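In my numbering, the protein residues as written are 1 to 190.
Keep in mind the hints are simulated off the structure, nothing from the lab.
Since we're looking at a predicted model, the values are computed, not measured.
Ideal placement from N, C-alpha and C gives every residue a C-beta, glycine not left out.
Take the hints with a grain of salt, since some may be wrong.
[Said to hold, decoys possible] Label-pair ranges, simulated between beta-carbon atoms:
#, residue 1, residue 2, range
1, Val164, Asn94, 20 to 26 angstroms
2, Ala68, Glu156, 17 to 23 angstroms
3, Pro21, Glu156, 54 to 60 angstroms
4, Pro21, Pro47, 15 to 21 angstroms
5, Lys162, Asn94, 18 to 24 angstroms
6, Ala177, Ala135, 20 to 26 angstroms
7, Pro21, Arg51, 44 to 50 angstroms
8, Leu87, Pro180, 21 to 27 angstroms
9, Asp143, Glu181, 49 to 55 angstroms
10, Thr149, Leu87, 18 to 24 angstroms
11, Gly112, Glu80, 30 to 36 angstroms
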Amino acid sequence: DVPNDQFDAFPKGEVYIQSGPILPASQALDAPWPRESTHKFRLLKDPRAVRDFEGGTFRLASVDEFPASKTMSGGLMVIEPGKQRNLHWNPNANEWHYYLRGKAQVALFGSGGRGKVAEFNPGDVAYIPMGFGHAVRNIGNEDLEIVQTWDNGKFEEIDLDKWVRSSPNYLLANNFAGVPESTIDKMKQA
Numbered sequence: 001d002v003p004n005d006q007f008d009a010f011p012k013g014e015v016y017i018q019s020g021p022i023l024p025a026s027q028a029l030d031a032p033w034p035r036e037s038t039h040k041f042r043l044l045k046d047p048r049a050v051r052d053f054e055g056g057t058f059r060l061a062s063v064d065e066f067p068a069s070k071t072m073s074g075g076l077m078v079i080e081p082g083k084q085r086n087l088h089w090n091p092n093a094n095e096w097h098y099y100l101r102g103k104a105q106v107a108l109f110g111s112g113g114r115g116k117v118a119e120f121n122p123g124d125v126a127y128i129p130m131g132f133g134h135a136v137r138n139i140g141n142e143d144l145e146i147v148q149t150w151d152n153g154k155f156e157e158i159d160l161d162k163w164v165r166s167s168p169n170y171l172l173a174n175n176f177a178g179v180p181e182s183t184i185d186k187m188k189q190a
């Protein structure tokens, strides 16, 4: 039996987490965290994260680099002034940008002739739907820095230039109706 007065200080309303005293470090819970599931990843220091491209750097934390990130991926992209991240699309995830520094122009296109070009400044947010082609250009005079997230732990992207170079000529000729094979050969070498 517990006397009712023992609950006089009990919260009268709904409480999710009640504040209390802060324990000294010697009493705080410090259970080991499994290495394969660590909640910390050094994006700017881990060499596995770096994916350079002409005109910039992309640092990625997906489930491959950061095993705890099973349901989302994140990254930091830096593009030099006057350069761009070429046309690509993500077949398995929606993409979200937060612009930290610089001035960007984003070209976005989807099926059915849908397309849009918009400019972004620090503090702006962009949303790119799954499967939509997009390119990001730095139209400012300083490095463009973008924090990116994808709603899938497995990061996938298809670059248009790599797709063209790896596709057989007959497939490209079928899709680029009327384009001579000699032009297709030149496209693959560019």
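Verification of the hints:
no., hint, verdict
1, Val164 / Asn94: 20 to 26 angstroms, "holds (25 angstroms)"
2, Ala68 / Glu156: 17 to 23 angstroms, "holds (19 angstroms)"
3, Pro21 / Glu156: 54 to 60 angstroms, "violated (48 angstroms)"
4, Pro21 / Pro47: 15 to 21 angstroms, "violated (43 angstroms)"
5, Lys162 / Asn94: 18 to 24 angstroms, "holds (22 angstroms)"
6, Ala177 / Ala135: 20 to 26 angstroms, "holds (24 angstroms)"
7, Pro21 / Arg51: 44 to 50 angstroms, "holds (46 angstroms)"
8, Leu87 / Pro180: 21 to 27 angstroms, "holds (22 angstroms)"
9, Asp143 / Glu181: 49 to 55 angstroms, "violated (40 angstroms)"
10, Thr149 / Leu87: 18 to 24 angstroms, "holds (20 angstroms)"
11, Gly112 / Glu80: 30 to 36 angstroms, "holds (34 angstroms)"
Violated hints, in rising order: 3, 4 and 9; the structure is consistent with all others.
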